[in-house]
Amino acid sequence: MAQVTLRKVVKAYEGGVQAVKGIDLDIADHEFVVLVGPSGCGKSTTLRMIAGLEEISDGEIAIGGKVINDVPPRDRDIAMVFQNYALYPHMTVFDNMAFGLMLRKFPKDEIKRRVDNAARILDITPLLARKPKALSGGQRQRVAMGRAIVRDPKVFLFDEPLSNLDAKLRVQMRTEIKKVHQTVRTTTVYVTHDQVEAMTLADRVVVMNGGIIEQVGSPQELYHNPKTRFVAGFIGSPAMNFIPCRLENGAGALRLHLPGDIVLPVPAERTARYQGLAGREVLLGIRPEHLTEAKNLDRPHFAPMTATPEVTEPMGMETLVHFRMAGAEICGRVDPLAPAMPGQPLPMAVDMSNMHILDPQSGRVL
Amino acid sequence: MSSTTATPFVPAEIRHGSLRRERRWALIGAYVALAVFVVFFMTPPFHMLMTSLKSSGEIADLSGNPWIVAAPTLQNYWELLTEGNYLVHFRNSVIVTACTVAISMVISVMAAFALARMKFWGSATLATGVFLTYLVPETLLFIPMFQIIGGLGLYNNLWAMVLIFPTLTVPFCTWIMIGYFASIPKELDEAALIDGASHLQMLWKIFIPVALPGILAAMIFAFTVSWAAFIYPIAFLVSSDQMVLTVGIVSDLIRADTFQWGKIMAGALMAALPPLLVYAFLMDYYIAGLTAGATKG
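Protein sequence lines, in the order shown, are assigned to chains F and B.
Take the first sequence: its letters are residues 1 to 366, numbered as in the UniProt record's numbering.
Take the second sequence: its letters are residues 1 to 297, numbered as in the UniProt record's numbering.
For the record, the hints were derived by calculation from the structure and aren't laboratory data.
Yeah, the Cβ is synthetic: ideal placement off N, Cα and C, and Gly gets one too.
Some clues are possibly wrong.
Said to hold, decoys possible - Facing chain B, from chain F, some residues (calculated, C-beta under 7 angstroms):
(1) L53
(2) S57
(3) R74
(4) M80
(5) F82
(6) G100
(7) L103
(8) P107
(9) K108
Here chain F stands alone, though its shape is the one from the complex:
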């Protein structure tokens, strides 16, 4: 049993600055939860409070049902992987991994069994006699993970473990971390600022901003049903487009009136939901993949529009087109064979079934 529970957790520094402003979070046993958000959002502070490396100013943190606010890190039964690996430079890989077990006075054969097992899982058996300076970045990160695995703790804590690796290795290690979690099934709290990492690794993603939790949900849920403008803009790459417009009643249906006299129909099944908002200025939120070259226009929910790209970015499997609408930078994803040229009008299609309507004042998705 190793659920992690946070109740009204606050971290305040001298001078009254609050890094974490009373967050509530329930992490289930075996769950892989990723805390994601921009720099300074309080994600690392939250992780460090769970680890016991930061004092909790207010609220309660429990691991496995036991409140651990005043329990020192060594008695919390957690293991942590740091961004810069934090390997002991004077010890071999074996000793680095065995250190925690030696301090806990495990028998030597048990230490060896556990280290060998972790080394096998992480494919670092040939490196056991080396010192950290003789390892590459990826190998060091594996050793850091090995040090966590051998402890067989209640909770794994990862603090941006892939940030120091190059892009290719990061993708590789991401898969490794997922594999390791699928093997050991230890409850994991993982901090990153990279939303791709969050989406690919997490059972549930916790999006933080300004010391509060914006939304908690599965990656799919956050992607398709964001609750706030921040989450909608943070999750997904390229980010969701936000276009100011007016919600109007017209021709017996609701429609969005965009600047430049572009009119997009609101899908019939959403009419009831937005009827009360008719006449209000709103923001249309639409992801780049729902702004494509003119296709499927015979289908319901697909509305035509024309845009003149300022910049096109051929990515191989798709081309990103950037254009301007009502002062906002808009990005669409079109087929690489579509005739997208800078300065040339391009007929496009908007998939309105995937639109979001947001309140421009509160930033809430309506």
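Keeping the supplied structure of chain F fixed, place chain B upon it in accordance with the hints.
Chain B in isolation, oriented as in the chain F frame:
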């Protein structure tokens, strides 16, 4: 790219000719400066060596060349090692220095760990204060120190030096160690804490091994200060059997206006041998230790 391709082909030796010439002149300048430096600093030891190999008669003979030994003899060395208290002084210096180094290391490593890592109210001010105490000259302190030592009944006692020398060494050693410990990434102690280490285990198993070059630098400093200390020993030690080398040589070998120059030089040369060996073998660590804080901390 275009500028690279537009450059006409020039053979490497011509293209880099001016650079090599410049480098050659820089090297010549460096060697000249080093030669002046070596002559300047090696002249006194050379003179000491020459004098130590002369008999008293040859030293007193002012008509001879002071830089050349006419009849080399090891008489001075032999007499020093077989007669008088030179070996007692040597032993006393070793005892005092070994104890001073050990005490300084225990205090300064623990103090530096606390000041660098265990943030507490006033720790930054205290760290600066530690260094400031190093700046107070011994000449100001030896009168109050005299009263303390007298009060403790340690006047003319070798162990008074073991008590006093750490006051000279601990502040600077602590300062070196603070810089070195501060350069160790914070995550290393956090990892150790999570691994289950107590603060003492963290210090012993992580910080001391990682900071070994810094500790060696501090040890060499403590060794040098203790081995070469003069003011306190001459103020507090009066009988020959309690003296350390620095005062023993001048006390025993200068009687009124009689200077036994040959023995003084031989004694001083032999006294310089331990620091010379320590520096020769540990110089790299010493430099690494002194510069660590500057570049990383």
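Hints versus structure:
1. L53: holds (5 angstroms)
2. S57: violated (17 angstroms)
3. R74: holds (4 angstroms)
4. M80: Status holds, d = 5 angstroms.
5. F82: Where the cut-off is 7 angstroms and the nearest Cβ of chain B is about 4 angstroms from F82/F, the hint holds.
6. G100: At 4 angstroms from the nearest chain B Cβ, G100/F passes the 7 angstroms test, so the hint holds.
7. L103: holds (4 angstroms)
8. P107: violated (16 angstroms)
9. K108: Constraint on K108/F not satisfied, violated at 17 angstroms.
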